[in-house]
Amino acid sequence: KQEVTQIPAALSVPEGENLVLNCSFTDSAIYNLQWFRQDPGKGLTSLLLIQSSQREQTSGRLNASLDKSSGRSTLYIAASQPGDSATYLCAVGFRDSSYKLIFGSGTRLLVRP
Amino acid sequence: NAGVMQNPRHLVRRRGQEARLRCSPMKGHSHVYWYRQLPEEGLKFMVYLQKENIIDESGMPKERFSAEFPKEGPSILRIQQVVRGDSAAYFCASSKTGQGVMNTEAFFGQGTRLTVV
Numbered sequence: 001k002q003e004v005t006q007i008p009a010a011l012s013v014p015e016g017e018n019l020v021l022n023c024s025f026t027d028s029a030i031y032n033l034q035w036f037r038q039d040p041g042k043g044l045t046s047l048l049l050i051q052s053s054q055r056e057q058t059s060g061r062l063n064a065s066l067d068k069s070s071g072r073s074t075l076y077i078a079a080s081q082p083g084d085s086a087t088y089l090c091a092v093g094f095r096d097s098s099y100k101l102i103f104g105s106g107t108r109l110l111v112r113p
Numbered sequence: 001n002a003g004v005m006q007n008p009r010h011l012v013r014r015r016g017q018e019a020r021l022r023c024s025p026m027k028g029h030s031h032v033y034w035y036r037q038l039p040e041e042g043l044k045f046m047v048y049l050q051k052e053n054i055i056d057e058s059g060m061p062k063e064r065f066s067a068e069f070p071k072e073g074p075s076i077l078r079i080q081q082v083v084r085g086d087s088a089a090y091f092c093a094s095s096k097t098g099q100g101v102m103n104t105e106a107f108f109g110q111g112t113r114l115t116v117v
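Sequence lines, in order, name chains L and X. Using my numbering, the first residue of the first sequence is number 1, and each one after it goes up by one. Using my numbering, the first residue of the second sequence is number 1, and each one after it goes up by one.
Same shape as in the complex, but just chain L (with noise of 0.2 Å):
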């Protein structure tokens, strides 16, 4: 069965720290990888995508690398804010379950000011 983990499921941090959000998948034969972001009540805003040939992508202050092998993905949010604080989410597009998008669960962010 084809699943995506994140860790951890909640994060508390200070204004200013770096921080890494994890995902995990069971099969390395993807498509490609997207992180969203999720506000309470509010729908999804893709940050990145990453497709099976990269190793990773940038926007801003998020980096998120892919590494296929060991079934990984991280998202890296540097000098991390209040704004930043939402739910993270990541979500897998698999070879073989094509067309649909297999999510985490996501983390819960807090950036406390």
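Where hints are given, some of them may not hold.
[Stated by the list, open to error] Here are the in silico distance ranges between beta carbons for each label pair:
hint, chain 1, residue 1, chain 2, residue 2, range
1, L, L19, X, S30, 24 to 30 Å
2, L, A78, X, Q17, 46 to 52 Å
3, X, K27, L, K42, 20 to 26 Å
4, L, Y76, X, Q50, 34 to 40 Å
Read the hints as simulated data drawn from the structure, not as lab findings. All C-beta atoms in this analysis are idealised placements derived from N, C-alpha and C, irrespective of residue type, glycine included.
Chain L is already provided as a structure; the job is to place chain X on it using the hints.
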């Protein structure tokens, strides 16, 4: 580009009524996906549609749920005879190409929060 538009944002239905959720994909996108997020749970795939075709409905409950994406107009997720367990956030996503392409990026709408009373 207004992004993926879903309406209504909130929907309250009594048990036994019908719920209709609408989704207009981003301009230029012909692939639509519906996901459901139950309270305190992750998003789960329901159905994948292209114009006038259901490609994969493996995540849809076998009864009471149906989806369509007509040639003209938005995609519709229809839930007949709603029950309390249908209360959830329903998200629509769209993409320019199908998920089977490596650089396919899915864009999500704001969701419709269905409450069954």
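Structure-based check of all given hints:
no., hint, in the structure
1, L:L19 with X:S30: 24 to 30 Å, "violated (38 Å)"
2, L:A78 with X:Q17: 46 to 52 Å, "holds (49 Å)"
3, X:K27 with L:K42: 20 to 26 Å, "holds (22 Å)"
4, L:Y76 with X:Q50: 34 to 40 Å, "holds (36 Å)"
Going down the numbered hints, you'll see the structure goes against just number 1.
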